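Model the placement of chain B on the given structure of chain A, informed by the hints.
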Amino acid sequence: MNAAHKFGTLCLLAAGLMAGPAAAETNLTVMAYSGLFQERYTKAVLEPFMKAHPDIKVTFFPLPSSAAMLGNLRAQKAAPQADVVIMDVSVSKAGTDEGLFTKIDETNIPNVKDLYPNARIPSVAGVGVTFDNLVLLYNAEQVKEAPKSWMEMAKAPYKGKVVIPGVPDIQGLGLVLILNKANGGTDYLANVDKGLAAVAEIAPNVQTWEPKPEVYAPIITGQAALGVGYNARAQVNSEQSGGKIKATIPQEGTIFQINTINLVAGAPAAEAAKTFVNYALSPEAQKSFTETMFYAPTNSKAEITGAALDRTAVKNLDKVMAVDWIALAQVRDKIAEQWRRRVLPASR
Amino acid sequence: MTSLTLCHAEPRRLGPLGTASALLLPIAVVNAIGFLWPVVNLLKMSFREAQASGALGAGYNLDTWTNALTDSFTLELITNSVGVSLLITVLTLIASYPIALYLHRSTGTWRTVLMVLVVAPLLTSAVVRTYGWIAILSDRGLVANALMALGMAEPPRLMFNLTGVVIGLTEILMPYMILALLSGFGRLDPRLEEAALTLGASPLKTFWRVVLPLTAPGMALGGLLCFVLAISSFVTPKLLGGGRVFLLATEIYDQAIVTLNWPLAAALSMIVLVVFGISLTLYARALRRIA
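Line by line, the protein sequences give chains A and B.
Quick note on this note's numbering: the first sequence kicks off at 252 and runs consecutively.
Quick note on this note's numbering: the second sequence kicks off at -7 and runs consecutively.
Here chain A stands alone, though its shape is the one from the complex:
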């Protein structure tokens, strides 16, 4: 797959180079998530962008995960094939530290001035392009009313019916952080004992900590009743399954997962890349993608309307707990170790 894609991209690049000045067309390669993201992002952002910029031809380079993107960027460091990359903020930090990206700020991308403060992370070269949040997923047939608390997962009727992507996955980690705060934990960088204790109460009910391919499928089929996942994918899955899966933000609150958009250092189409990033951060593109895939916008000027407003965290910003993902990366191994010792034994 990957090799074929790379080859495809190369061919397109080669074709573009041969066409050269006559066509005056720039080829821009955007590396981002495959699957639903690719489908919706192409429709909501890439196509309108190409219409507005007929001289720029955008190729989507899909990869299944941020780590795979980082792997590709590392391998291509000497001669980058991609110009723009959309990836999770913690992976973007690793790329920044390795010098793979060009810093984005108001001076090279004007729209950065309108971003929410938490979309700008000083130690990361890229800026936030989407906010997603953790949601409690439930099967609409087995759970009639939206659960009010994350601890609903610990209740007796759901024995063997709960699916959670466990630590080191961000979703399991996020659940620990939320419950840590809800139970009186103050500094999650120092310890998450209270959060782990709460998840250990849920653990006996957990069917799998490793739902594959994603957490949504077992809940749609009814194999599981409750689970933890991301809002955007939950909303799209809900739409596509005719409402079999639903999502809610419980009273304890939620956390944001941040996808950043990054300029690849030494990219072949550096100028077109800046034009594109500025467009991707514009109120117009942010609104369009939010209304198509229910990620919350990072641009404060994006005016979201209609159903999307109720289906993103936009109206629940007070329920979002701030997480410093960069600092958290330093203690992630420690949390993973405690997870193995304190949570997993409760779920055997």
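Simulated from the structure, these hints should not be mistaken for lab results.
This one's a predicted model, so the numbers in the text were calculated from it and none came from an experiment.
Built from N, CA and C at the ideal position, the CB exists for glycine as well.
Don't take each hint at face value.
Unchecked claim - Covered stretches of chain A, going by a simulated chain B footprint (3 or more residues, C-beta under 8 Å): (1) 302 to 314; (2) 535 to 544.
Stated by the list, open to error - For lysine-lysine, the following DSS-like pairs were computed, each having C-alpha atoms within a straight-line distance of at most 30 Å: (3) A:Lys328 - A:Lys432; (4) A:Lys328 - B:Lys36; (5) A:Lys585 - B:Lys36.
Stated by the list, open to error - Just a sample of chain B residues kept apart from chain A, beta carbon distances all over 12 Å, derived: (6) Leu9; (7) Ala12; (8) Leu95; (9) Arg97; (10) Ala138; (11) Leu154; (12) Leu184; (13) Pro229; (14) Leu232; (15) Gly233.
What follows is chain B alone, placed relative to chain A:
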């Protein structure tokens, strides 16, 4: 060197050693590029500086190795992986031996049909077969339903734990074991069994004293093959383990893809390679003893 000789001398004057080297050269080159070189790179990667963010530092140090070798979790991973793989190998051998023996003794079209049945599972990927097991072993699956129909109130959990991994991998590895056993059954001459029976040995004794020793090389080969495949398999433990089974292969994945600690992933991969080396040595010794 060899290729030079090949160019200048008459091919016929190449000694048997020269011919052998010339024939081995292409595969040696392929192996050097496709296997040795990546392994050297992996070894190098394991000494790279790993930063907490997941970034790779420019320098090299021993930190990853020191941490990995002093962490009790690494030891747990190694013992888990070796233990589970040995268990799977033994179960695969027990399940495959009668099938292989029957296949060896059958003839004609029937044998062809059976061979196709044995090899057919290899035509589908392990991923697809693992999903098949998920359907069979799930809480509302075939086995659980059958157990409940037989009156069991709460059937035991058959997957998303070690049980699931062992069941899935045993079935997935059976074709390899059967083929390895068959290749080793060549020495099993039916006349020897007849002779033993004629001389008054019971069928059980015949099996124990004649059949089993003669098929031991095939068992050793199949055992080695299945052990190596089991310890390096990652899709099935990932899908059927439910995040409760910690093995070297799944941990390498987590470190490489989730935590972005490539040096640690590389170090763990080297440990797997060492385990391979040890099992190869044991295999060679076992073969010598059998012979």
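Structure-based check of all given hints:
no. : hint                : result
1   : 302 to 314          : violated (count 0)
2   : 535 to 544          : violated (count 0)
3   : A:Lys328 - A:Lys432 : violated, 40 Å
4   : A:Lys328 - B:Lys36  : holds, 18 Å
5   : A:Lys585 - B:Lys36  : holds, 26 Å
6   : Leu9                : holds, 39 Å
7   : Ala12               : holds, 35 Å
8   : Leu95               : holds, 34 Å
9   : Arg97               : holds, 41 Å
10  : Ala138              : holds, 18 Å
11  : Leu154              : violated, 9 Å
12  : Leu184              : holds, 49 Å
13  : Pro229              : violated, 10 Å
14  : Leu232              : violated, 9 Å
15  : Gly233              : violated, 7 Å
Checked against the numbered hints given earlier, this structure breaks hints 1, 2, 3, 11, 13, 14, 15; the rest are met.
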